[in-house]
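Chain by chain, the residues run as shown.
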Amino acid sequence: MMATSYNAKDEDGRVTVCGPGGGPLLRGKKPENTALKQQRLAAWQPVLTAGTALPALFAVGLLFIPVGVGLFVTSNNIRELEIDYTGADASSPCFSCSQSFSWNSTRPCTCTVPFYLEQPYESNVYVYYGLSNFYQNHRRYVKSRDDGQLNGNEKSLTEPSKECEPYAYRDNEPIAPCGAIANSMFNDTLELFYNDPNGTKIQIPLNATGIAWWTDKHVKFGNPGGNDQNLSAAFQGTTRPVNWRRPVYELDSDRGNNGFVNEDFIVWMRTAALPTFRKLYRIIGKKDNVVPTLPRGNYTLEVVYNYPVRSFEGRKRVILSTISWMGGKNPFLGVAYIAVGAVCFFLGVVLLAMHHKCGNRNGDGDISN
Amino acid sequence: MATTNSLRVDSRTIYVGHRSSSTNEAFIPPKFCDNRIVSSKYTVWNFLPKNLFEQFRRIANFYFLIIFLVQVIVDTPTSPVTSGLPLFFVITVTAIKQGYEDWLRHKADNEVNKYPVTVLEQGRRIRKESEKIKVGDVVEVEEDVTFPCDLILLQSSRDDDTCFVTTASLDGESNHKTHYTVPDTEKDLETLNATIECEQPQPDLYKFVGRMHIYKNDQEPAVRSLGPENLLLKGATLKNTQRICGVAIYTGMETKMALNYQGKSQKRSAVEKSINAFLLVYLCILVSKALVCTTLKYVWQGKPGQDEPWYNEKTQREKDTNLYLKMFTDFLSFMVLFNFIIPVSMYVTVEMQKFLGSFFITWDKDFFDPEIKEGALVNTSDLNEELGQVEYVFTDKTGTLTQNNMEFIECCIDGFQYKYRDASSDLDGFCVTDGPLNKVQEKAGREELFLRALCLCHTVQVKESSEQGQGQRDQVDGFGLDGEVLPPLREQRGFIASSPDEVALVKGAMRFGFTFLGLESKNMKILTRNNDIEMYELLHVLNFDPVRRRMSVIVRSKSGDTLLFCKGADSSIFPRVRQEEVERIRMHVERNATTDDYLLVVTLGAMCFAVQEEDYAQADAGLMEARLALQDREQKLMAVYNQVETGMSLIGATAVEDRLQEEAAETMEALQGAGIKVWVLTGDKMETAKSTCYACRLFQRNTELLELTVRTLEDGGRRREERLHELLLEYHKKAVQDAPPVKSGVTRTWSSANQDYGFIIDGATLSMVLNSSSESNSSRYKNLFLQICQNCTSVLCCRMAPLQKAQIVKMVKNSKGSPITLSIGDGANDVSMILEAHVGIGIKGKEGRQAVRNSDYAIPKLKHLKKLLLAHGHLYYVRIAHLVQYFFYKNLCFILPQFLYQFFCGYSQQPLYDAAYLTMYNICFTSMPILAYSLLEQHICIEVLLDNAALYRDIAKNGMLRWRPFLYWTLLGVFHGLLFFFGVRFLFSNPALQDNGQVFGNWSYGTIVFTVLVFTVTLKLALDTRHWTWINHFVIWGSLLFYVFFSFFWGGIIWPFLKQQRLYFVFANMLSSVSAWLVIILLILLSLLPEILLVVFHKPRGPRQVELRHIHTFPLYFTHSFSPRFIYLFHFLTVLPLFSLWFWSSLMEPIFNIFIRGI
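So the sequence lines, in the order shown, correspond to chains A and F. First residue of the first sequence? That's 1 in full-length UniProt numbering, and the numbers climb one at a time after it. First residue of the second sequence? That's 1 in full-length UniProt numbering, and the numbers climb one at a time after it.
Keep in mind the hints are simulated off the structure, nothing from the lab. Just to be clear, a hint being listed does not mean it is correct.
Claimed, not checked - Calculated pairs, DSSO-like style, for lysine-lysine (alpha carbon to alpha carbon, straight line, at most 30 Å):
no.	chain 1	residue 1	chain 2	residue 2
1	F	Lys303	A	Lys143
2	A	Lys162	F	Lys1059
3	F	Lys373	A	Lys30
4	F	Lys319	A	Lys143
5	A	Lys143	F	Lys373
6	F	Lys314	A	Lys162
Isolated chain A (complex conformation) (with noise of 0.2 Å):
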């Protein structure tokens, strides 16, 4: 009865609606009861404790441990050797090759760096250059080229991309492949000779395929016009990059590695991602069960020296090396693993003891909740 008597007033709220403020009025409808209105939806509510995080932690530390001994085996027993060549001192016999370089000269300068293998190397062995103090990844390098030209794209091909600028073009001409990254690309040839040990020095073949990836060779990098064409007729009306010796048409005899599908174009294309890097050249491949595929002895590398590094500090190397499961050599992730594992373990140890202790003085031991 008291509440009919103050009707008239709640009609004033409603009548006198006037300007902003009032939001919508729910009036006499009563909320739904629903879990997800109300805040009650079933929920999961883990508790995470001292009870469920120290066995986790033995957990991580009991797996980890393991996982990183072997990752540190497997990394100590890959095989690898650093060759570096860059003819810095003086001793070095690439030295008068870094010392007379010039980008003009017509003859090749070689030079002949001789190594000792102390262990044989047993299975593939992948054979790396690898740069120094080379920015690959520095951002007006790495923007500087046209992967619409790399694909195959005709339009692209006459003309390059802004972005390959001063690379895009000579003399009017379009250069194919256009770009700084391409311009720089790696020229000089590594050759392996094993000096047997009766005298005669055997070529090692190396193998040239197989070193991209294959989505790039087959999808990403395509020729003009497919790569089955006539490629110098393909290029035509292209001009080569202004530090190459020959028109990437020219890169190799082979009609599947040759133009922009030639594998060691490819490999340099994809830029490092630090300014010391390494990519893949050759690939040794193991010929029998029987005969290791680098047997323990004498060998010479021989240079054609065509890559300039000394202006900018930088060096090369090349490096010798066998694969595992998990890549080249890195004992980075054994000893991470070893050691985040052992942490773990520790600390669970240590925390066990201190709970414990702590549990006790106040009375409360509450590791097992």
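Using the hints provided, position chain F relative to the given structure of chain A.
Just chain F, lined up with the frame of chain A:
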């Protein structure tokens, strides 16, 4: 007439009914604005430009616009799309939200503008839409309808040429005010020929000056002066008057209401202020990062061969550019590269969280009140989290702490106490509970006089229910025959009055047999106990006003006696009656006011005084004169009232009970338990307010009360000022100096351990404190007063005017530490304090909707405040604080690797991540989990929050957004960023990571870092989530899955629109590498290891948390509940894995190699 027509700038001339004043003059209708109210900001046409302009005025949006423009103009590492897309997203979402709100405003405007009104035109009544009213129109308004514009009252349906209005929606005063017609206007409005000259529109509601010229058949025009009493304001409502006619003088946006309307000032929450502070820090980080990189870049380039090696020549344009310009553009480029550190999407997410989160309040069925069939109402969603930060609650008493549901329970006649019993059979419900029984006859006469007084002395109106109006009247007439049927009918009788206690009194009288039947042509009809109908001629009503605190009626009975009945607050009545009668009743009144049952004596001594005929004539003359006075009418009336209401004799007092709101005491106790200080601000008198406080357990039995009222000031017998000074110092010593020092900041001591103090002050003393005679004293008193109050658990301020309430709120709000205040009230007199406080809560009570409309949140009952603060507020705060911290964290560890990468790429601004990742990181990959978290998280479930009010203290003083937690999150971000970058960096010391010997490039590097990043920040959130609903599962695992699928998809196709196919098959190749898998797992685990360790170290501290341990969580409270020892250990353990990693890799590696080779 020429003089008046030459329009002066400061006045306007209105032709009533658009009738020209004189026939010989050309009628030029003056131009005035139409009666349309426009509160909307936009129209369809200007929405886009205006909204965009408004949005880009916000500093954050402007910043992103600048970044976008820099990207468009300068050659920057990332494409404009990366920042343009998120900006577009933000702008669009905000525009949609604002557009929707404006549409609502348009709707509200239309409701007002299209409201049908009746306009008299050439003698016809025409229905029009409200917006079509023009100045000069004669408008007819019916009862209970709001005036559509400012009107000059010309005609009223009441005989006395008055009308009653309530201006509750304008100034909050809900009492009925009397307005007068312009004297001597013709009754026939059609022939009225008049002009009104009045001032130009101005916002002051109480000022109006005008003149009316009335032309009668070529006579000299009569001039009448017009004042505020003739002006009916738009927004006010006609009451107790069937209909009035008035002429429109101000319309539309020129009405006083529109001129007074200011949009509610934007209230900003403390969280928002924290966000801005953090933003500034991050801006500094951003700028310093860019500066460092720019500097290092030029240092590095200074070395020979590095700036432009042969393989990487600059373009001609780059070579030509001025060095300083280049430096500047480099700086801008770095800014662009790192700009993601300032999370643009945070603003969207915060807004979405607030908007969506506020629905939980309206949806909450616990806030639904079956009585009024309404739930809670959210007027602004900007303050959700502020509900979790409240330190002071200012509450109204009547209607908020109490139900404002008045019931007559007791009266006292001649010193005899009568209690009403429900069983009405017993002597008509009247029974004598004390006093001698022998003088029955004499008593009966007094009793009847008392009851007649109850029936007559009021302004209550009878409301006949329309469907049975006539029938009921018949039955009332035939009452004597059928006495048994009547009681239920009586119960249906509705009374309307401006205050519920008047109704309670009339109803009380009805129970005792005296029924008020209504007012018929100035005759008050009452039905006596003997079923006789008595008629009294109502001569004068001396209206109630809050200053006099009493009202009177002068009636003439059948027998010709003129009687004055006066009722009012005991304090205002007692001085005006013969003193010998007072004592007996005073005893009862004071006893009632302080009983524990909380009987609220509502001020009412009803007294009567027989005025002699010649006295009446004098009074009548005085009243009439005052009422017609043109100047100072109010003061003159007041003087006459005071003169008339003297020398009365006291007949009795009544007690009206107002019950406490449901669970009021529990609510107050919970609030105090939550560390919130509750202040009661009431207009009521001290005794009743004090007993309310005791009943609500705001004052406990052991609470020592410090009283600073007029009474205590007069105790000493000295000057008030001196006494005030003395008392303030004394209380200050007691409450502040002697109290044990309370540790500031987050750790508050248990209040129960100390002596509790309660402070009581009244309005008069407060104004003495605030407006002390000398300036120096004033600020000093204010300080003392504040300090005392802050050390008291509860403060009671009684006898407060509405403005004083706001004053107090403002004072506390601006005091040291700027505490967060909340005001809660139900009436129009609380509006000022509701608007003043940080958070204003309206109760959907009985005193109209004014408080609700001006509040930020409205709830049906006081008891809902507990859940609103302790559960909703707490959760909202935790959610948004975590949201903010998490956003900054995830963007820091997103951008830090990019910054570190600059050291390895020749400071060339090479981005580490692909543009798609840069853009999508905040929009898609990591936005949904945190949004879901910030809507659904219940780190402590609601029941526990409600049961343990003390948990509210854990987040007090913006606990989760202070610099320490911020530092923790920032360090965490730095740690993660370092770990991600250097972990992958060490892996890439040999980039031959595939089992076929092929190598990874820079995009693989970035993708691995990014994968670790996305997984880590998502899992970090997963670790923090305490409440896993299916939605959380869905968005967390869904986001990760989406990332994986997106990466496959993005790298799986040669996109024709992309210039560079950077990510082609990068992700798939990454997954084919075991090393990449291993490093991702390792880094994620290592990043989360400190988190997990924290769990182990989290030891709830203090006795009160022991039982809550199982529900407490570590990351939120880690700064609160950690002892320094654990913090050091934690820091040590955090740094240890990273350090050991670095140490082992760099130092131990050669040793290991030697060792292995040795084998």
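Hints the structure violates: just list their numbers, smallest first. Failing hint: just 5.
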